[in-house]
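Residue numbers (my numbering), protein chains in the order written: chain R, 2 to 284; chain G, 16 to 408.
Since the hints were made in silico from the structure, they are not lab data.
Even for Gly, the Cβ is constructed at its ideal location relative to N, Cα and C.
Do not take every clue at face value.
[As the list claims (entries may be wrong)] Some, not all, of what chain R presents toward chain G, calculated at C-beta under 7 Å:
id, residue
1, Gly77
2, Asn108
3, His109
4, Asn111
5, Gln112
6, Tyr144
7, Phe145
8, Asp146
9, Asp185
10, Val188
11, Glu191
12, Pro192
13, Ile193
[Said to hold, decoys possible] Selected chain G positions facing chain R (Cβ under 10 Å, derived; list incomplete):
id, residue
14, Ala41
15, Arg124
16, Cys312
17, His315
18, Pro349
[What the hints assert, rightly or not] Label pairs and their in silico Cβ distance ranges:
id, chain 1, residue 1, chain 2, residue 2, range
19, G, Phe107, R, Pro64, 51 to 61 Å
20, G, Val259, R, Asp147, 24 to 34 Å
21, G, Trp205, R, Glu163, 52 to 62 Å
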Amino acid sequence: MRIIVVALVAIGSAGVLRGSHPAAQVSAMPEALRFAVIGDNGTGDRFEYEVAHQMVAVRERFPFEMVLMLGDNIYGGQTPKDFVQKFEAPYRPLLEAGVRFYASLGNHDNQSNRFYKPFNMDGERYYTFAKRNVRFFVLDSDYFDDRQRSWINDALRGSRDEWKICYFHHPLYSNGGRHGAQVDLRVMLEPILTRYGVDVVFSGHDHVYERLKPQRGIHYFVSGAAGQVRKGNLRPSDSTAAGFDQDQSFMLVEVAGGTFSFQAISRTGQTVDSGVLQKGSRP
Amino acid sequence: MTRMPRFAARHFIAFPIGALVALVWANTQPETYYVFARAWSFPVNDLGMVVFFALVTADIVDAAAPSGALHTWRRMALPIVAAVGGMMGATFAYFAYLRTGDELSVLSRGWPVASAVDLIVGYVLVRAIFRRHAAIPFFLLLGVAADVCGAVVVELLYPVADQHLAGVALIAGGVGIAVALRRAVVTSFWPYVLIAGGFSWWGFFLSGLHPAFALVPIIPFLVAHGQSGSTISHDQGLSRFDRVWSVPSQVGLLLFGLVNAGVMFKDVGTATKAVAIAALAGKPLGMLAAVGVAIACGLHMPRGVGRRELVVVALASSTACSFGLFLATAAMAPGPALAETKAGALVTVGGALLALTTARALRIGRFSPNPAAKRTRHDSARRAVSPRSLAGV
Numbered sequence: 002m003r004i005i006v007v008a009l010v011a012i013g014s015a016g017v018l019r020g021s022h023p024a025a026q027v028s029a030m031p032e033a034l035r036f037a038v039i040g041d042n043g044t045g046d047r048f049e050y051e052v053a054h055q056m057v058a059v060r061e062r063f064p065f066e067m068v069l070m071l072g073d074n075i076y077g078g079q080t081p082k083d084f085v086q087k088f089e090a091p092y093r094p095l096l097e098a099g100v101r102f103y104a105s106l107g108n109h110d111n112q113s114n115r116f117y118k119p120f121n122m123d124g125e126r127y128y129t130f131a132k133r134n135v136r137f138f139v140l141d142s143d144y145f146d147d148r149q150r151s152w153i154n155d156a157l158r159g160s161r162d163e164w165k166i167c168y169f170h171h172p173l174y175s176n177g178g179r180h181g182a183q184v185d186l187r188v189m190l191e192p193i194l195t196r197y198g199v200d201v202v203f204s205g206h207d208h209v210y211e212r213l214k215p216q217r218g219i220h221y222f223v224s225g226a227a228g229q230v231r232k233g234n235l236r237p238s239d240s241t242a243a244g245f246d247q248d249q250s251f252m253l254v255e256v257a258g259g260t261f262s263f264q265a266i267s268r269t270g271q272t273v274d275s276g277v278l279q280k281g282s283r284p
Numbered sequence: 016m017t018r019m020p021r022f023a024a025r026h027f028i029a030f031p032i033g034a035l036v037a038l039v040w041a042n043t044q045p046e047t048y049y050v051f052a053r054a055w056s057f058p059v060n061d062l063g064m065v066v067f068f069a070l071v072t073a074d075i076v077d078a079a080a081p082s083g084a085l086h087t088w089r090r091m092a093l094p095i096v097a098a099v100g101g102m103m104g105a106t107f108a109y110f111a112y113l114r115t116g117d118e119l120s121v122l123s124r125g126w127p128v129a130s131a132v133d134l135i136v137g138y139v140l141v142r143a144i145f146r147r148h149a150a151i152p153f154f155l156l157l158g159v160a161a162d163v164c165g166a167v168v169v170e171l172l173y174p175v176a177d178q179h180l181a182g183v184a185l186i187a188g189g190v191g192i193a194v195a196l197r198r199a200v201v202t203s204f205w206p207y208v209l210i211a212g213g214f215s216w217w218g219f220f221l222s223g224l225h226p227a228f229a230l231v232p233i234i235p236f237l238v239a240h241g242q243s244g245s246t247i248s249h250d251q252g253l254s255r256f257d258r259v260w261s262v263p264s265q266v267g268l269l270l271f272g273l274v275n276a277g278v279m280f281k282d283v284g285t286a287t288k289a290v291a292i293a294a295l296a297g298k299p300l301g302m303l304a305a306v307g308v309a310i311a312c313g314l315h316m317p318r319g320v321g322r323r324e325l326v327v328v329a330l331a332s333s334t335a336c337s338f339g340l341f342l343a344t345a346a347m348a349p350g351p352a353l354a355e356t357k358a359g360a361l362v363t364v365g366g367a368l369l370a371l372t373t374a375r376a377l378r379i380g381r382f383s384p385n386p387a388a389k390r391t392r393h394d395s396a397r398r399a400v401s402p403r404s405l406a407g408v
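Chain R with its partners taken away, still in its complex shape (with noise of 0.2 Å):
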């Protein structure tokens, strides 16, 4: 099997990425927050259903609380019945357990699945939420309209949180083959991200993983292929750290301090990447 991992590039250099991690290793500090990632997951294909089930498999070891999804999160039909089959039955054993999804929304995702409870999105296109020491600002990257830039810079200039993390469907840096980068989003969002020191930003659309080397300060990561996967669509460039797109993978996130730690893990349980982030060393 082709596996390709990009070359954890220039990390050590940045004094950022300090070296891999155990897999899915928790830390000892008890009040650490602890998450999982996916995007493009709701395909309801047999493929979905593995990393839901390597999800359930990972959580016995690594207790994460909820999961961010980065859009795309049901495909196909939108009725009642496809919910069920995309979401909430490969799913289930982590929805009983208590585990809360926070969804954003992709281009195959129906507006009004924002009114959908098990994805707390309260109704809203964009919305934040806080844990521990962390803020989440939700986007709809689909439609950046003016009144969702006013909202996303006031929201930001309003968070005292140590940790800023941002999440939505289309990426602002990306060396996907299919999708790759969004410029014409990033233009408009990347000055208010950077103007307000957002650590950390999660993308989906294009079916691969990708970890980018830090830009202008920020975190990127590529986890778009929770329920599909672009075999070989990676094109890794200078602004690669590492990337997988041989098979369907997740992320894995704990927050603790000022310690972020991530893993990436394929849809068969292999780690594919891993790092820390230590909050005050920006690049």
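Take the given structure of chain R and dock chain G to it, following the hints.
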């Protein structure tokens, strides 16, 4: 040539040049292009395009005057029916295509784009095919009708910002000032544009309507004032306005193409295909079907326009380009959906090729093997269309 044809001929080159430069720039240096496009979006789309729509409005008002092509409902009826049919066909095809996938919710706002008719490209095209022919005013009338319908729909359904009632009051104030200026027989158009237009622009802005249409409710008073016994004639009033704003309008269209047409080739997506199918297939078919029904109901085709000419006119109207881009930016917020839709508007330039190929296959207009037939149609068209009409070429 009267005003509309002159306008189209003058502006034909400005938009394509801007669009071409934008396409190359966006696909080679996207970061710098989008920084530029973002910085210039407001001055070009919300300010510069005011001039363009003012000139188009002046033409429509001119055509609605006695001896104009829009003067009687009988002249207007069939092109308007064709425009409505085209709009329905395009809309049906757009949604039908989207319903085959799962992006309907995100892309639903793009349907008016496919209904747009690029008057500039279309005019140059039908002129190239037919030279002088009654099919030309028919095309222009249906194009104007389609674009007016599209603009109204977008304004009503998709206001660009929060709506404030104060905006409506300001628009009313602007119109009131224009009425007062007309009654005072003010001969210069500057007070209409700067004072009445200024109020109107601010009102459009505040009311959530697209401010590019700010001079639309003002221009009729400017145009009409020459008829009320002032020292300048109707034609002089229009000509002066046209003359002064011609070059700024060309610069505006060049910049409009430059700011809005820059889409990356990778942005081609579902909305691109939906707009292309709707514009290139749904719109002409809807148009032909509507005209068929209208004729069955008793309306008559213009003299010299037969089925073959109608097919070519319908295909020529499938090109949405410039006005399609405008409706896209008016109806949709920035983001991937807009980029896909804009790419679709650009792809409809293929309608020009379709129209040319079909004209050649049907052997009409310049492709007719019988020069006498061309001349006969040409002469009958000249008799049928007033020289002062919208397209009395």
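Right, here's what the structure says about each hint:
Evaluation of the Gly77/R hint against chain G yields a held restraint, the C-beta minimum of about 5 Å falling below 7 Å. Because the closest C-beta pair between Asn108/R and chain G is about 5 Å apart, less than 7 Å, the hint holds. Against a cut-off of 7 Å between C-beta atoms, the interface hint on His109/R holds, since the closest Cβ of chain G lies about 5 Å away. Taking 7 Å as the C-beta cut-off, the interface hint given for Asn111/R holds, the closest approach to chain G being about 4 Å.
For Gln112/R, the shortest C-beta to C-beta distance to chain G is roughly 5 Å, which falls under 7 Å, so the interface hint holds. Against a cut-off of 7 Å between C-beta atoms, the interface hint on Tyr144/R holds, since the closest Cβ of chain G lies about 4 Å away. The interface hint given for Phe145/R holds, since its Cβ lies 5 Å from the closest Cβ of chain G, which is under the 7 Å cut-off. The interface hint given for Asp146/R holds, since its Cβ lies 3 Å from the closest Cβ of chain G, which is under the 7 Å cut-off.
The interface hint given for Asp185/R is met, as the beta carbon of that residue sits about 5 Å from the closest beta carbon of chain G, less than 7 Å. Look at Val188/R: its Cβ gets to within about 4 Å of chain G, closer than 7 Å, so that hint holds up. Interface restraint check: Glu191/R against chain G, minimum CB-CB distance 10 Å, threshold 7 Å, status violated. Below 7 Å, beta-carbon pairs count as interface contacts, and Pro192/R has none with chain G, the closest being about 10 Å; its hint is therefore violated.
For the restraint placing Ile193/R at the interface with chain G, the shortest Cβ-Cβ distance is roughly 13 Å, beyond the 7 Å limit, so the hint is violated. Interface hint at Ala41/G: satisfied, since its Cβ lies 8 Å from the closest Cβ of chain R, which is below the 10 Å cut-off. Evaluation of the Arg124/G hint against chain R yields a held restraint, the C-beta minimum of about 9 Å falling below 10 Å. Here the hint on Cys312/G is broken, as its CB sits about 40 Å from the closest CB of chain R, past 10 Å.
A hinted interface residue such as His315/G counts as satisfied when its beta carbon comes closer than 10 Å to some beta carbon of chain R; here the least separation is about 46 Å, so the hint is violated. Because the beta carbon of Pro349/G sits about 5 Å from the nearest beta carbon in chain R, less than 10 Å, this interface hint is met. One distance hint, 51 to 61 Å for the beta-carbon pair Phe107/G and Pro64/R, holds here, with the actual separation near 52 Å. At about 33 Å, the beta-carbon gap between Val259/G and Asp147/R stays in the expected band of 24 to 34 Å.
Judged by the Cβ atoms, the range 52 to 62 Å given for Trp205/G and Glu163/R holds: they are separated by roughly 58 Å.
Violation of the numbered hints given earlier is confined to hints 11, 12, 13, 16, 17; the remaining hints are satisfied by the structure.
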